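*Asks:* Listed here are the chains, written in short residue letters.
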Amino acid sequence: MLAIETEGLTRLFDGRPAVEDLALHVPAGAFYGFLGPNGAGKSTTIKMLTGLLAPTHGRARVLGVDLARDPLSVKARIGVVPDGLSLFERLSGAEQLRIHGQLYGLERREAGRRADELLAALELEADGGKLVSEYSHGMKKKLALGCALIHGPSLLFLDEPFEGIDAIAVSGIRRMLQDLVASGAMTIFLTSHVLEVVERLVTHVGIIRAGRLAAEGRLEEVRGGSTLEEVFIRTVGEERPPQALSWLGEGPRAP
Amino acid sequence: MTALAALRAFSELRLLLLWRRLKGRGGVAELVSKVLLFAIAIPAGAAFAGATAFSAFHAVRAGQGIRATAPVAGLFFGVWMTWTAVALSLSEREGLDLRRFLGYPIPPGRISGYGLAASVIGDPFAVFWCLLLGGAFGGAALARPGAWLLPLALVYAGFTLATVALVALVQELLARLVRGRRGRVLGIVLVYVAVGAAVSWVAGTGRSLLEVVRAIRALRWIAYPAALADSATAALYAGGTLRGVAWLAGLLAAALLTAVAAHRLALAAALSGGGGASRTAATGGAGWRLPGRLGGLVEKEGKYLLRHPLAAVLALLLPAVAAVVMWRLAPRLAEEGGEVVAALPIFGFALYAHLAVQVFWLNALGWERGGARTWFLAPVSLAEVLLAKNLVTYLFSLALFAASAAAGVALGGAPPAWALGGALLVHLGAAPWLLAAGNFVSILNPTAAPLTVQRGGNVTALSGLAGMAAISGAGGLFAVPALIAIRVEAPWVLVAGSALLAALGGIAYAALLPRAGALLAARREAVLAAITGDEA
Chain A
0 MLAIETEGLT
10 RLFDGRPAVE
20 DLALHVPAGA
30 FYGFLGPNGA
40 GKSTTIKMLT
50 GLLAPTHGRA
60 RVLGVDLARD
70 PLSVKARIGV
80 VPDGLSLFER
90 LSGAEQLRIH
100 GQLYGLERRE
110 AGRRADELLA
120 ALELEADGGK
130 LVSEYSHGMK
140 KKLALGCALI
150 HGPSLLFLDE
160 PFEGIDAIAV
170 SGIRRMLQDL
180 VASGAMTIFL
190 TSHVLEVVER
200 LVTHVGIIRA
210 GRLAAEGRLE
220 EVRGGSTLEE
230 VFIRTVGEER
240 PPQALSWLGE
250 GPRAP
Chain F
0 MTALAALRAF
10 SELRLLLLWR
20 RLKGRGGVAE
30 LVSKVLLFAI
40 AIPAGAAFAG
50 ATAFSAFHAV
60 RAGQGIRATA
70 PVAGLFFGVW
80 MTWTAVALSL
90 SEREGLDLRR
100 FLGYPIPPGR
110 ISGYGLAASV
120 IGDPFAVFWC
130 LLLGGAFGGA
140 ALARPGAWLL
150 PLALVYAGFT
160 LATVALVALV
170 QELLARLVRG
180 RRGRVLGIVL
190 VYVAVGAAVS
200 WVAGTGRSLL
210 EVVRAIRALR
220 WIAYPAALAD
230 SATAALYAGG
240 TLRGVAWLAG
250 LLAAALLTAV
260 AAHRLALAAA
270 LSGGGGASRT
280 AATGGAGWRL
290 PGRLGGLVEK
300 EGKYLLRHPL
310 AAVLALLLPA
320 VAAVVMWRLA
330 PRLAEEGGEV
340 VAALPIFGFA
350 LYAHLAVQVF
360 WLNALGWERG
370 GARTWFLAPV
380 SLAEVLLAKN
390 LVTYLFSLAL
400 FAASAAAGVA
410 LGGAPPAWAL
420 GGALLVHLGA
430 APWLLAAGNF
440 VSILNPTAAP
450 LTVQRGGNVT
460 ALSGLAGMAA
470 ISGAGGLFAV
480 PALIAIRVEA
490 PWVLVAGSAL
500 LAALGGIAYA
510 ALLPRAGALL
520 AARREAVLAA
530 ITGDEA
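Chains as they are written, first to last, in numbering that gives the first Met the number 0: chain A, 0 to 254; chain F, 0 to 535.
Treat the hints as calculated values from the structure; they're not laboratory data.
Be aware that a few hints might be false.
Said to hold, decoys possible - Derived pair list, reagent style SDA-like, types lysine to any residue, alpha-carbon separation capped at 20 Å:
no., chain 1, residue 1, chain 2, residue 2
1, A, Lys129, F, Ser271
2, A, Lys139, F, Val259
3, A, Lys139, A, Glu106
4, A, Lys129, F, Ala285
5, A, Lys139, A, Ala166
6, A, Lys129, F, His57
7, A, Lys129, F, Leu305
8, A, Lys139, A, Ala184
9, A, Lys139, F, Thr282
10, A, Lys139, A, Gly128
What the hints assert, rightly or not - Cβ pair distances, simulated, as ranges:
no., chain 1, residue 1, chain 2, residue 2, range
11, A, Ala27, F, Gly291, 30 to 36 Å
12, A, Ala209, F, Ala260, 56 to 62 Å
13, A, Met0, F, Leu499, 57 to 63 Å
14, A, Met175, F, Gly475, 55 to 61 Å
15, F, Leu172, A, Thr234, 44 to 50 Å
16, A, Phe12, F, Ser471, 38 to 44 Å
17, A, Asp13, F, Leu141, 55 to 61 Å
18, F, Ala468, A, Gly216, 57 to 63 Å
19, A, Ala53, F, Val27, 21 to 27 Å
20, A, Arg108, F, Leu255, 55 to 61 Å
21, F, Leu172, A, Leu11, 29 to 35 Å
None of the values given here were measured: they were computed from a predicted structure.
Cβ atoms here follow ideal geometry from the backbone N, Cα and C, with glycine treated the same way.
Looking at chain A on its own, in the form it has when it is part of the complex (with noise of 0.2 Å):
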């Protein structure tokens, strides 16, 4: 069975393609890593995925539902931690975690629960009363991740969940994502820069560039006898010299 099919699945801005005819084929149960250069669409397709963007043309099925027909069944199924997170600053971690959890239709009492059992596995059990703007970036993507499992998701959407965060808590989510997926508990779509990172823990690998597809399937069948970032790099392009700065060492100007 599939957690995500997709089949010509477009989306222009201004009438340029950021995501053009794309066909996932992601199976229920896998971690699956899909990579791509900056502005290649992977944002956009994971938009597109998840209700934030519509598409221009094409289809999506999410969990077996077609996304178009029935948008709140699969919200409801699936977590989210999107570009740019999408937390209230206003709101502290712990009062963040609960009414998420209400928003997705658990009772007050047992999202209550929940979020404590969260803050404590993610570390922020200390900082539950303070406001989600005073939380530092790496804090922010943990609590992000706390609400998108609140509702116990069968599938979860990441993008670029390790991206400004430090190694410890790298380590600490990649530990719970590695034990989510080995319990059956659910499929892990995710996008990521950091290849090493990517290559310890996936088991499906997709590369799009310029918004098209280039490769997709096992992560052992796609890099074959390279490493993961042998194989990005080939599919996506070379590699670019560094271009020098001419007035760096020349100092400040006086004011």
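Starting from the known structure of chain A, arrange chain F on it as the hints suggest.
*Replies:* The following block gives chain F in isolation, referenced to the frame of chain A:
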């Protein structure tokens, strides 16, 4: 960086940002609205400037006595009162956020100075009041040309500077007061305890507090720029140039001190990081005990609104504005009109309580930033999201109305029961009309709003104009039964008419809410682009 280079860079930055906004979605409508606001303010200001010129001309000719002093005091105290009340509670004035510019090699004092100048030039209300002052100066110049006009011009300039600096200082003081949760709660509690004590005292003595307050002449110094400018101008009109210049020196010194104090507070706040560091619910079980999805939505909206510094500022300010209105207006209404006319201020408070919170219903999604994505990711009905926002805004506005009415009663005595009930009905009845209109404005023209006590940038010029239209429309609608009631001297007409309009509003709101939800779903990309910065 020289002062001129910095000013040029600022001007270029503002022009570029304006140009980008105009080129973007809805830019032309935004420009038209901005021009329209000034197009309303300037002719209106010019028309009233004719009146102030006329009275100043005669006051200068009179030189001394009540015919000379009354127009001067009326102009300065009137302009001061409306300027500070509107700037603090309503006006979406232009301004500069000091925090954004701290990284640049520009003296912060200069940025504060540009901010004060922008708050006069960029605000149609401020332009209106400046035109009134300009009219008075023109009238005085025509009446008696001469060198004395130079200190007179400085009095008007000093009064303008002192008033904008005072507004900035009060904003900074209020921001400091409301930054800490304890300070905020304490401040609000103190105000309301004082109002409560005043009400009980009035009830005990049978004497209106207004009578007592009006007898205390020293209270005029609360309006210090107006009182100083009034004394300086009266002396200059009477030919006492030396005395006038002495008052002018006092005014300029006070204006400068106020501006420096406002700048120091703004700088300290900017360097401390600005935001409020209140600790709040630390566990999942804590917080408001509202069950279900709608409960969660209402709790989120309630906490968001109450944690906005503007909410605390309004809670402190509106009763004070109501008290000042009763102080100046109520005795005249009681003398000149009948029972219905005397009760009109309380009906005005009912509409003003909606007007004061207009930023929360005209740009209901503007403070959510990244959180706005939740509405489109979570399995929630968007109509329910809007309903929760509307409910919370209504309850907050109702609390403000109750506080303003209490302050009015404390100062001016209790109006008849029918007036209190009728005003409550007007407040309730206007809400569905305004909130339904606000939902559509919020969805069609959202903007990312700052979480600061300064009001600039909370709504766009177009939304501001739409708000004016909505408030005028609602005011016009509810004025019909009021006018009939005054005409036939039958208060029950006002109450019955308001009840009928409230019922019609409820029906219209129920019909429009699902449409607003559907519109929000259809416009999600544009809304997220405006609020979160997501490219659509």
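*Asks:* None of the hints should be skipped; say for each whether it holds.
*Replies:* Hints, one by one, checked against the model:
no., hint, in the structure
1, A:Lys129 <-> F:Ser271, "17 Å, holds"
2, A:Lys139 <-> F:Val259, "38 Å, violated"
3, A:Lys139 <-> A:Glu106, "24 Å, violated"
4, A:Lys129 <-> F:Ala285, "13 Å, holds"
5, A:Lys139 <-> A:Ala166, "15 Å, holds"
6, A:Lys129 <-> F:His57, "62 Å, violated"
7, A:Lys129 <-> F:Leu305, "16 Å, holds"
8, A:Lys139 <-> A:Ala184, "24 Å, violated"
9, A:Lys139 <-> F:Thr282, "17 Å, holds"
10, A:Lys139 <-> A:Gly128, "14 Å, holds"
11, A:Ala27 <-> F:Gly291: 30 to 36 Å, "31 Å, holds"
12, A:Ala209 <-> F:Ala260: 56 to 62 Å, "57 Å, holds"
13, A:Met0 <-> F:Leu499: 57 to 63 Å, "59 Å, holds"
14, A:Met175 <-> F:Gly475: 55 to 61 Å, "59 Å, holds"
15, F:Leu172 <-> A:Thr234: 44 to 50 Å, "60 Å, violated"
16, A:Phe12 <-> F:Ser471: 38 to 44 Å, "39 Å, holds"
17, A:Asp13 <-> F:Leu141: 55 to 61 Å, "59 Å, holds"
18, F:Ala468 <-> A:Gly216: 57 to 63 Å, "59 Å, holds"
19, A:Ala53 <-> F:Val27: 21 to 27 Å, "26 Å, holds"
20, A:Arg108 <-> F:Leu255: 55 to 61 Å, "59 Å, holds"
21, F:Leu172 <-> A:Leu11: 29 to 35 Å, "52 Å, violated"
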